[in-house]
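Same order as they appear, the protein sequences are chains U and Y.
So the first sequence is residues -3 to 266, counted in our numbering.
So the second sequence is residues 140 to 609, counted in our numbering.
Just so you know, the hints here were simulated from the structure itself, not pulled from any lab data.
Computed from a prediction, not measured in an experiment: that's the story for all the values here.
Honestly, I wouldn't trust all of these hints.
What the hints assert, rightly or not - Stretch-level coverage of chain U by chain Y, calculated; a stretch enters the list once three of its residues show a Cβ under 8 Å from a Cβ in chain Y:
hint	stretch
1	94 to 107
2	166 to 180
To be verified - Far from chain Y, some chain U residues (derived; all Cβ distances over 10 Å):
hint	residue
3	Gln47
4	Phe55
5	Leu121
6	Val123
7	Asp163
Positions of the beta carbon are idealized from the N, C-alpha and C atoms, including for glycine.
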Amino acid sequence: MRRWSWSRVWLHVLAVLLALWVIVPIYLIAVAAFSPRDVIYKYPKPLFPTQVSLETMLFFIRSSGVLDSVRRSIVVALLTLAVSMAVGAPAGYALARYVFPGRDTFRIAIVSTRAFPIVILSIPLAVSFINLGLYDSVISVALMHTALALPFTILVTSSVFASVPVDLEEAAMTLGCSRLGAFWRISLPLTLPGLAAAAIFTFVLSWNEVFAAAILTLRNRTLPAHVLSVLNESPLPFRFAGGFFLLVPALIFMLFIRRYLFNLWGRVVR
Amino acid sequence: MRRTILIPLLILLVALVVAACQQQQAQPPTPQVIEKTVVVEKTVVVEKEKPVEKTVVVEVTPTPVDYGNVVILSTQAKPIEEQEKMRGVVLADFPGTPEFIAEDEGVLIDRVVAEAQAGKGSVDVIIALHGTFPVLLAEDTLMDVSDLMADLSDRGIPEKFVELGKLGTDTQYYIPIMQATYIFAANKAALEYLPEGADPDKLTYEQLREWGKNMQEATGEQKLGFPAGERGLMHRFLEGYLYPSYTGTMVTGFRSPEAATMWGEFRDTWQYVNVQSVAYEFMQEPLLAEEVWVAFDHTARLINAFKERPDDFVALPAPSGPAGLGFMPVIVGAAIPKNAPNPEGAKAMIEYLTRPETQIAILREIGFFPVTSVDFPGYVSVGIRKEGEAVAKQAAAPNAIPALLPVGLGEKGGEFNKVYRDTFTRIVLNGEDIQTVLEEEAANLQAILDATGAPCWPPDPPSEGPCQVK
């Protein structure tokens, strides 16, 4: 009994440490982002906000193009999410359920798209997008991000679908479901947590991606392309404000998607 | 438990952001475009039998010139605050709609090259350091702006800078629009120890040594100072000032007889240099502390001395050597891509940037010095004005030799600098044999040049293939 409780204690300590590992930097960034400038330059920096000021944050938000770029970033991330799920999930399902010629080659081919460093591809990519008339638009960035995210989406979803026994689908079909119906009513709900994880990854990838976004857009920048490259040359207050600003929407998205993830964990724990 | 803390926290964050957004809507930061109406009043006296006085009011509205959208892509003024100042102040009076976009050098090059290959451009003006333009020219992306340069010939851009904008060809490819550089700063107390007949604005390195000697004899202290500390910019002094002044080159004359003479003289000068120089990084501090009276550094690293005690310091152009006045300008130029959608607007923008009032605005807002001849008005702080005048004198000196920041070394730039610093340490500080050190370090230098394949850059004459130490 005693040993059991000790291991529980250690588990909790570990969990708290891990949580702090993530939360403390976020907290410090938030405090600094809402502090007046002279406080930020002080050393040592205060751990708790002594004065709250929106000065830096407001300057950051008001500087031209930031709000627009936030809107574009969200649109791009959601588009990326939608397209890569619409394409990636069926592809993953096919890989998990069907044996077809060239299946292994297909698997390798998917991953190999990530083998090319995008820096080398930047000029040809920009040239093709210009020729297609998609240059400097939200769609071009979303397509590019989809291409970057797809390998992961396909591989994750295929392993997620593989974890659902075929028996369940077959049982559903014997009870009158069509193939599609079995997928829709049986496999999909069971794989929702895994799909949510893939969605988070896709969203965050798109949200953080700078290079493709920077090269494919000029006036219609996403937030990271707009500010990330200049943040390390900016004064300290802007780094905190920018860092905070880049952080928040991703956090909010994860909060939404989290309940699906908990389904997965809940099932495993029970 | 975690949920109960996290959710209110996030709601708070969202609320803050929303609050911020609302305030943003209340005060949109739109840069004001002011249309000016000129009213000319004329009094005409008509003399006839009955003298009648009649006032004729003629209203003249300048034809509203609108150059439309001008997209400016810049590797300079990148920090957010500086971007805002460019948009809100520097470019505010341009007759058109400027769009200022700051970008990393690599992305800028890729974009301009891609737009050239696709045959459809969206960028009108490129603002970048001199070193960026040879790369763009190699890809044949730059427009010939010789006509524009001819139109701007009255702006007083130093001939040497104009020449750099030709990138070693006969065609003007970029137009210099602003600069930063390194100069000397001197405490006024030092001026009385100047060698006899020396003009502080036209010193030679020999006179600098004499000056140091006089100061030491008078005060018993070594009053010259150089930023030879670890993060100091001593290598720029060696590469861009000492070497060109004695050899007329930075690289090719590395182990020449002139270079040997130069090192001998500089070692001799060093006895009057404050021994703490090997630890100095920003010379404004030892100047303010009066540890040294005369010091060399980047304008940005001297400015506090001028700002805090403007009456105590003077800014001086660098001294000259046997070959001329070597100095290192950090030149920022403006170019137009070949397939710019709005070339007329782009030309108007470059013309606008070189206007005296814009040059002053650039200096005040983002700290780059004018390239044109500009009278510094009273509202520029005294410190900046002093530096600016020295910068202008240095660049316009008849014997000036602009030595550019290394071009084409990429990540090897640090190793390149190390060669110069090592040579300095071995010859001047350790007293090793000059010719031996020069031979050995020349080999290191050549290895770096070969590895990068970098051709010579000014002041060295252009080369086929990698630059060669003679």
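Determine whether the non-interface label on Leu121 of chain U survives the test: each CB of chain Y must be over 10 Å from its CB.
The claim is violated: Leu121 of chain U sits with its nearest Cβ about 8 Å from chain Y, within 10 Å.
Using C-beta distances, would you say chain Y covers the stretch 94 to 107 of chain U, given that this needs three or more residues below 8 Å?
violated (count 0)
Phe55 of chain U non-interfacial with respect to chain Y [C-beta, more than 10 Å]:
violated (8 Å)
Would you assess whether Gln47 of chain U, listed as outside the interface, keeps its beta-carbon beyond 10 Å of every beta-carbon in chain Y?
Answer for Gln47 of chain U: holds, closest chain Y Cβ roughly 15 Å.
Closest CB-CB distance from Asp163 of chain U to chain Y, is it above 10 Å?
The claim holds: Asp163 of chain U sits with its nearest Cβ about 36 Å from chain Y, beyond 10 Å.
Evaluate the condition: distance from the CB of Val123 of chain U to the nearest CB of chain Y exceeds 10 Å.
Violated, because the least Cβ-Cβ distance between Val123 of chain U and chain Y comes to about 5 Å, which does not exceed 10 Å.
Confirm or reject the coverage of the stretch 166 to 180 of chain U by chain Y under the rule of 3 or more residues with a beta carbon closer than 8 Å to the chain's beta carbons.
violated (count 0)
When each numbered hint is compared with the structure, violations occur for hints 1, 2, 4, 5 and 6.
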